[in-house]
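*Asks:* Using the hints, put the two standalone chains together into the complex.
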Amino acid sequence: MTLGGYANRIARINLSSGTVEYGQVERDLLRKYIGGRGLGVKFVFDNGPRVDPFSPDNLLAIMIGPCTGSAVPMSGRLAIVTKSPLTGTITDSHMGGFTAARLRWAGLDGLLIKGRAWRPVYLVVENGNVTIEDATHLWGLGVRATVRALQEKYGKDRTSVMAIGPAGERLVRFAAWLNEHDRASGRGGTGAVGGSKNLKAIVIIGDRSGQPQPLPERKEAFQEAVRMGQKAIMAGALTAPNKGGLSIYGTNVLMNIINEAGSLPTRNAKESHFEHGEAISGEAFREFNLASEPVCHACPVHCKKEVEVKEGRWKARTESMEYETAWALGAQCGLGDREPLIYMLDQCNDYGLDTIEMGVTLGMAMEASEKGLTPEVINWGDAEKMSELIRKTAYREGFGDILANGAFGAATLLGDPDLALSVKGQAIPAYDPRGVQGIGLGYATSNRGACHLRGYTIASEIAGIPFATDRTVTEGKAQLLKTFQDLFGFLDSMDVCKFASFSEGAEEFSAQVRALTGFDDITPEEAMRIGERVYNLERYYNNLNGFTGEHDTLPKRFFTVPGTHNSAGMLSQLPVMLEEYYRLRGWVNGVVPEEKLIELEILEREREAVR
Amino acid sequence: MNVKLFGNLRQYGGGSHVAVDLGEGRTVADLLERLFALCPALRPHVVTPEGDALLPHVNIMLNGRLIRDLQGLQTPVSEEDSVAIFPPSAGG
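Line order of the protein sequences matches chains A and B.
So the first sequence is numbered by my numbering: it starts at 1 and just counts up by one.
So the second sequence is numbered by my numbering: it starts at 612 and just counts up by one.
In isolation and in its complexed conformation, chain B is listed as follows (with noise of 0.2 Å):
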């Protein structure tokens, strides 16, 4: 699947998509563990050093759902779903 990503997540990813093997996989922490293999750049500026959460105000959305309104990291993702990373971001 491709995961999104934006700001300057792009620069540590190389790119504004990556496509990643979910295998066995079934959670956003899945995901994300597949994703730090092919971009190890990408892990400090997207969780916490323990890695067992996201780092403050950094989002993911899984088909425009916050992971955070649903069940975090554990949130169930397939191949079929779209999944964005977004650094902190506001504005007006």
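Isolated chain A, as found in the complex (with noise of 0.2 Å):
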């Protein structure tokens, strides 16, 4: 079988045997799945969805989509799809930078990923194979250390790195992989699936001399949706590079807007707006601490923007400063000074670590501090007590082996729940769900977990995209959120960047999927129908671990404690939103019924699979 955009090759490797074998993947499951995410999740799925995290038999799936690696616009992310052993649902987590173009010039859609070696392995992907050699030397290092080493032994030029810190190896459950850009598969845990494996590393050879890949179905059809792509995200307002606020400032060009809309959680979302908001925003690190502006494969936008302290305590250089990690670390905990924030993102990088996870929990530790509930005093904004509990969180020493269950795990030990700001055990991301009521709905119904890139209403409740609506109102939030869920579902799956849908939409990326693939039908509305697909059959496999409606839900202080600010007094409304976004979706209680199933052409495959 041939299909353009795909190698038409995947490696399942099992690390208890030490073996690999390859194998394609059928047609009908590329054109229902895609690649990238969706098929991760196929994947995860048949693999049964009862296993434990840490188990052997857990499946890392290390996936790319048949757009990775092309002339598509932001064609750069790889996707590691795996149950989590933070949340216990599925979980999807995506890097960018060019490790995913490598995989996809290397010669495969995917690595299948079982079993637990005996000592700790890396695998080594080149020219279509996969080799599994001796980690051991590598066991205990840091990301970057890892990287120089394995850089060392295969080059730079032709070659990415992808590795686990010693959170991982300690199966910290809120373990990142990186690689040798900072790019980081964050959420979820997935890092921690690694370390369980006894897998330190994975060494990605691969460039486009020779055959160009992935070859289009159609060259010229293929050409000129690029060119559609190309052109919407250069002439974009948000995109346009060097114009648009992305570009120039990166992700980090939100703290401003959210904090004057009083919906940027701080200390632990005791309040919503923060006093030195302005301290750690795009625009004061820009001005102060700006040391590169990096790019991933394919994209002219490069928003990532590594960040430097060049002498002092806090000495460090590192990619990229997120808005994310700004505000976990950040207004979060307290904390408006820039240069221990750059110093904790590093040691993030360097440990493994879910900077967002790392920094909600600190800030439930502060809260519970106050109470008298830890073993140890930290004070809000207390930077060299952070950065100490990061370290011993990456080691699990002492407090640090509570803290690396995560802020709902820890919370939970600690003696009070509800002091963390976690949906289904994962921790929410930086917008306050008082304040922007759609984005509280995203939330609870993530199948992830809390999560803003599952459904990222911020578009439109905040930068007016695709089309603008009011942050404070319920009416057609439920909608909106969908669409966007859908349109990521397939968005992932291709898989390319979110922000590209800042410029593009259904329309373009089903055209760039067509004519690479040659899966005509896949019109824009089939497109969001995919991306449906994906959506349920993760609600299907979480639901089959026993979650339901009753876990839909938002920490409890969105409900009861208001906004501040200039979201003074305003709560979330998420079970007026909750009702309309099940009917919309046709689910029973956050339980999807089996006709949507057969409807979406999920179930009876997916059925026997699961027995």
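For the record, the hints were derived by calculation from the structure and aren't laboratory data.
Quick caveat, the model's predicted, so the values are computed rather than measured.
Don't take every hint at face value.
[What the hints assert, rightly or not] Computed from the model, here is a short list of chain A residues facing chain B with C-beta under 8 Å:
#1 Pro241
#2 Gly244
#3 Thr251
#4 Asn252
#5 Leu254
#6 Asn256
#7 Ile257
#8 Leu453
#9 Tyr456
#10 Ala468
[As the list claims (entries may be wrong)] Below are the DMTMM-like pairs computed for lysine to aspartate or glutamate, each with C-alpha atoms no more than 20 Å apart in a straight line:
#11 Lys615/B / Glu691/B
#12 Lys156/A / Asp207/A
#13 Lys615/B / Glu339/A
#14 Lys385/A / Asp337/A
#15 Lys219/A / Glu507/A
#16 Lys615/B / Glu275/A
#17 Lys385/A / Glu339/A
#18 Lys556/A / Glu579/A
#19 Lys615/B / Glu287/A
[Claimed, not checked] Cβ-Cβ distance ranges computed for the label pairs, FRET-style:
#20 Glu220/A / Gln682/B: 45 to 51 Å
#21 Asp520/A / Gln682/B: 43 to 49 Å
#22 Gly634/B / Glu475/A: 35 to 41 Å
#23 Val473/A / Glu691/B: 42 to 48 Å
#24 Val473/A / His628/B: 27 to 33 Å
#25 Pro524/A / Ala648/B: 44 to 50 Å
#26 Asn589/A / Glu691/B: 45 to 51 Å
In this text, a Cβ means the ideal position worked out from N, Cα and C, and glycines have one as well.
*Replies:* Printed below as a string of structure tokens:
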């Protein structure tokens, strides 16, 4: 079978037996799930939903899509799909940079990793083949040292390295994978799943020499589809290189506008406005700490902002100061000082930790400390203590062993789970659901725990994309969210950066996939249906693990403690939106009914797989 | 009153805040005219050439509410209000 876009080759790696097998993916499966997140979810589902996340039987799927490594704008995303040790749900987490493109150029559509190696190992991927190598000498190293050692062995020019750090080795439940450019698959603890398999790193060697990859099925149509996408990105008010706010300031351009809206969760969401927001904004980092503006594959936007402290206690240089990181370790913890923020980002990157979960966990610990619930005192904004606890978390030392469970797990152990700003065990990101109503529905219904990237209603509620909605109202938010969730289900399966959706839509994305793969019936409407299928399969997986509507909720304080500043008095109105959302989804109390599964062509084969 | 500027609007407005005398002005449109009189370089980065609408994705907040959700450029404003102007901004 040949199909445009794909390598038509997937590797199944069993780390217990040390064997690698290769195969193709059925055409029908590719048509239904495309690649990336969608196909990864399908593989993880077929592996059996009830698996323990740290069991050798859990599947770690490293996936790319048909567009990966092509000229499609922003086509440099790599999906890691597995069962999360943080939430117990299915999870997918995506990294940027060039790792994904090199996997395509190395001749594979994905790596399906099971088992547990008897000693630490790393994988080498080259020319369509995978070998398993001894990583004993790398175990215990940080991400940076691991990458350096493997680049010394395999070279830099054609090589990408993704690795876990000490946090992943110690099964910290929010451990991440990072690559040579500090791009992280941060959320959901995929790094800990790697650690549980004794898998330290993956070296991917490939370039575009020889036959160009991926090969489009319809060359002229593909070139036109790429041109259409590039034109939209270059002209888009939000994405235009060196003009749009995302390009100039990075994602942290949001700090001031969200803070001005009184929608920046502050000091563990006791407030919703941070008095030092300006000091940790994208504008301030650009003025005082910008070191470079790196890019990802096929991306003209360059939203990554490498930052630096040149000397002193907090000396560090690291990619990339994202809005989420500046918020989680900043406002959430009452810290308004850029230099320790840069240092702590660097720590998290090297230890292999999700900065969102780490920051929210520390903020939770600060409030718990006020209540006398912690074994050590940690005050709001105490950067020295935060830095110490980040290290202790990565190495599971002392109090860090509690914090290594994430905000919800740690708060539960400390005796007050309501202190955790978490949904389904995963910490919220940087938007307060009291001040921005739709995103609260997004957190509650996300299939991987609290998340802004399943359905980014902020685009509409704040930025006005693709149309403006009022952040304070609930009407229409259920439909808005469903549209975003379904679109992103498709986009994550291509696997293209979500920021492309600031300037492109289902029309452009489906045209790119049609021309590349030759699946001519993937219209914009069908693209949305594929995204809906992915979202429902994820939900079905979670349902089979006992998740129901009871889990589609928000931390208690968003219903009981009003927002402050410019969202003074506001509370989340989740129940109103949730009812409408379930109706639109065709779900019953958060559960996908059988008829919906049949309608979306999910059920029959998948039911067999569950058995 | 102080009008807050963000992103690259600061380079056109000469800083993060501009003190504007609202005078007899009653609306956001009136306020913008006074602002542009002080900082003419701002105008093409905030409003359309006709001056009757904001540029796409430029946002103005009045006490944290986007004026598009109020009465747009005709939203009433007073000296006590907090006004903030943002260039196209999104991230994630």
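*Asks:* Hey, Lys385/A versus Glu339/A, does the alpha-carbon distance stay inside 20 Å?
*Replies:* 15 Å, holds
*Asks:* Taken at face value, is the distance from the CA of Glu507/A to the CA of Lys219/A at most 20 Å?
*Replies:* 18 Å, holds
*Asks:* Checking one constraint from the list: CA of Lys556/A to CA of Glu579/A, max 20 Å. Satisfied?
*Replies:* 18 Å, holds
*Asks:* Under 8 Å, Cβ to Cβ, is where Asn252/A needs to be relative to chain B, so tell me if that hint holds or is violated.
*Replies:* Cβ of Asn252/A sits 7 Å from chain B, so the hint holds.
*Asks:* When you check the alpha-carbon spacing of Lys615/B and Glu339/A, does it fall within 20 Å?
*Replies:* The given pair, whose Cα atoms are some 25 Å apart, is violated under the 20 Å limit.
*Asks:* Holds or violated: is there a CB of chain B closer than 8 Å to the CB of Ala468/A?
*Replies:* With Cβ-Cβ at 5 Å, under 8 Å, it holds.
*Asks:* Holds or violated: Lys615/B and Glu287/A, Cα atoms, limit 20 Å.
*Replies:* 17 Å, holds
*Asks:* Given a hint of 43 to 49 Å, does the C-beta separation of Asp520/A and Gln682/B actually sit inside it?
*Replies:* 48 Å, holds
*Asks:* Is the shortest C-beta separation between Gly244/A and chain B less than 8 Å?
*Replies:* 6 Å, holds
*Asks:* Going by Cβ atoms only, is Tyr456/A closer than 8 Å to chain B?
*Replies:* Holds. Min distance 6 Å.
*Asks:* With a cut-off of 8 Å, does the beta carbon of Ile257/A approach a beta carbon of chain B closely enough for the hint to hold?
*Replies:* 5 Å, holds
*Asks:* Is 42 to 48 Å right for how far apart the beta carbons of Val473/A and Glu691/B are?
*Replies:* Violated - the Cβ-Cβ distance for Val473/A and Glu691/B, about 25 Å, lies outside 42 to 48 Å.
Checked against the numbered hints given earlier, this structure breaks hints 1, 13, 23; the rest are met.
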